Amino acid sequence: MKDNILISLKDVVVEFDGQRILKGINLDIHDEEFVTFLGPSGCGKTTTLRIIGGFVEPNSGDIFFDGKKINGVPPYKRNVNTVFQRYALFPHLNVFDNVAFGLNIKKMDKKQISTKVREMLKLVGLVGFENRNINQLSGGQQQRVAIARALVNEPKVLLLDEPLGALDLKLRKEMQTELMRIQKSLKITFIYVTHDQEEALTMSDRVVVMKDGEIQQIGTPQDIYNEPKNAFVADFIGESNIIDGVMYEDFEVEFAGQAFKCVDKGFAENERVDVVIRPEDIIVGDYETSPISGEVESVIFKGVHYEITVDAHGYKWLIHSTQSQPVGAHIGMNVRPEDIHIMKKMEA
Amino acid sequence: MKNTSESKKSKLWGALPAAPYVLWMVAFIVIPLGMVVFFALTDSQGQFTLENIARGGEYMSVLLRSIKLAAIATVLCVLIAYPLAYILSRKQGFQKQTLFIMVMLPMWMNFLLRTFAWMTILENNGLINKFLGLFGIGPLHMINTQGAVILGMVYNYIPFMILPIYTTMCKIGNDVIEAAQDLGGNTFQVMARVVIPLSLPGVSTGITMVFVPAISTFIISKMLGGGTNQLIGDIIELQFLGNSYNPNLGSAISLVLMVVVLLCMSIMNNFDDEEMEGRIL
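Protein sequences, first through last, are from chains D and S. Sequential numbering from 1 applies to the first sequence in the working numbering. Sequential numbering from 1 applies to the second sequence in the working numbering.
One thing to keep in mind: the hints can contain errors.
Here are the computed lysine to any residue pairs in the SDA-like style, where the Cα-Cα straight-line distance is at most 25 angstroms [what the hints assert, rightly or not]:
| id | chain 1 | residue 1 | chain 2 | residue 2 |
| --- | --- | --- | --- | --- |
| 1 | S | 171 | D | 156 |
| 2 | D | 110 | S | 86 |
| 3 | D | 77 | S | 209 |
| 4 | D | 156 | S | 187 |
| 5 | D | 77 | S | 178 |
Keep in mind that the hints were calculated from the coordinates and are not lab data. All of these numbers come straight from a predicted model, not from anything done at the bench.
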């Protein structure tokens, strides 16, 4: 990842049928960066991608590419290529001609096309598939063709719209590693759209978390996970316990009827806040001596850990623990100060 | 696949639902076709003869005219229907429905009535000439010309061109078109490299559905072409319903027409395949 800014969105607003899809997006994307737009469906992440691709024009706001304003420039004149959600391969062309499509349009020399296409098929692991029909390929193979077809044009930016959505878990993992490898070896910018938080955390240099057409937080995967800016981000990036609390003073918060030490400051006295605690950060302890106590309601085995739900005075706590607990048992819970995340209340 | 007697048996059972259709086809397609061939090759006494086929040759000029007019009408139908089908397939909601109904509406009207309407429009003292007369132009001679016959064919058969093309166009996803744009294709290149190749099967079906009825029509030529622009359909009609009652000759001409149509279709399909391959390579 380089320091220079390649793509820049300034106050971008998009409306469809009077509905605001994007409410003023401001975003800088660096050269050779792997950026992921993450959010639930309808949050505007695909629309943002389509703006960069040139398929959607913003109602207001500007898009800059390499310092030049590109509002109104049609897709075929932009130095970006897209991997579409459902691949959108050309059913009347074989694998080779699908990949060669962009080069053929540029009227490149046939020999050169052949070399480049073969190089690309090698990169995505499809050597020997040149003459296959598209409908003879599995989902994963079609995905690779779509990636090769976009990359062969040597774009400065590759846009990927939930490219792994239709693949099974194992193949997804494989392709994630594959895509990261490709991005590093070609040294180009990847802009990736997904609703899968794990995918976003695994692959990205930076994650842009979106909701209702607004950016909630931009940061490295570590930032987003460890320092979520608000309860929405915390909840979307992994499961969380979100509890109402009151900030007594700096470094002291009250929730679940108890006062806790914490590491946050800068709130008004007695300000109402959201307290976010990750399920894996809850320490199960003795019923008598722990600050919070409750009754085990259910235990689900999840492979790596047990997912335990504990009812404490009406609030259902979610705990991830490697140790199981008997259902109905009374247990105690505690949290370390650095694991308590205090967030400003979201406007409703 | 194992070819045991059991699998043969199950195949037989599987074929059972097709039986009514097979019976129907034999009764109403194969047998009548055999009768046409029989009549074509016999005289009125039932003796074998090739004379009917030979006499059919007298109508060669009519046959050629039929092929020419049907071909022109088919080409015009493609040219008009193709852009319309494309627009139709890319529209949504109300606009799409309105356009669609406008295409289909004439088809709900009686065929004879539609053609008769064109007669009154094109006549020497018809609507157009009356209108032109207001400006002191004309009268233009439009009725009883080949142009009028072609117009009648295009007008009556164009829905059969629009519908199959429209259907194949609808199957082309927007994302495929966007992918072509994304890969550097401008509007013209996207059309030539993606939309047209993918919609060719529809065009091919449309050509068959327009050309075949157009080449054998007799109503359109009778009403709009007058006596001088007879088509092969008119000749056949005369042999069965007209004064020169001669079903043997009529069958012979029908047989020749059928062969001509089959030839035209196979030539076209060949051309089609090459066209497709040419684009792929």
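For a quick check of understanding: which of the numbered hints are violated here, in increasing order? 1, 2, 3
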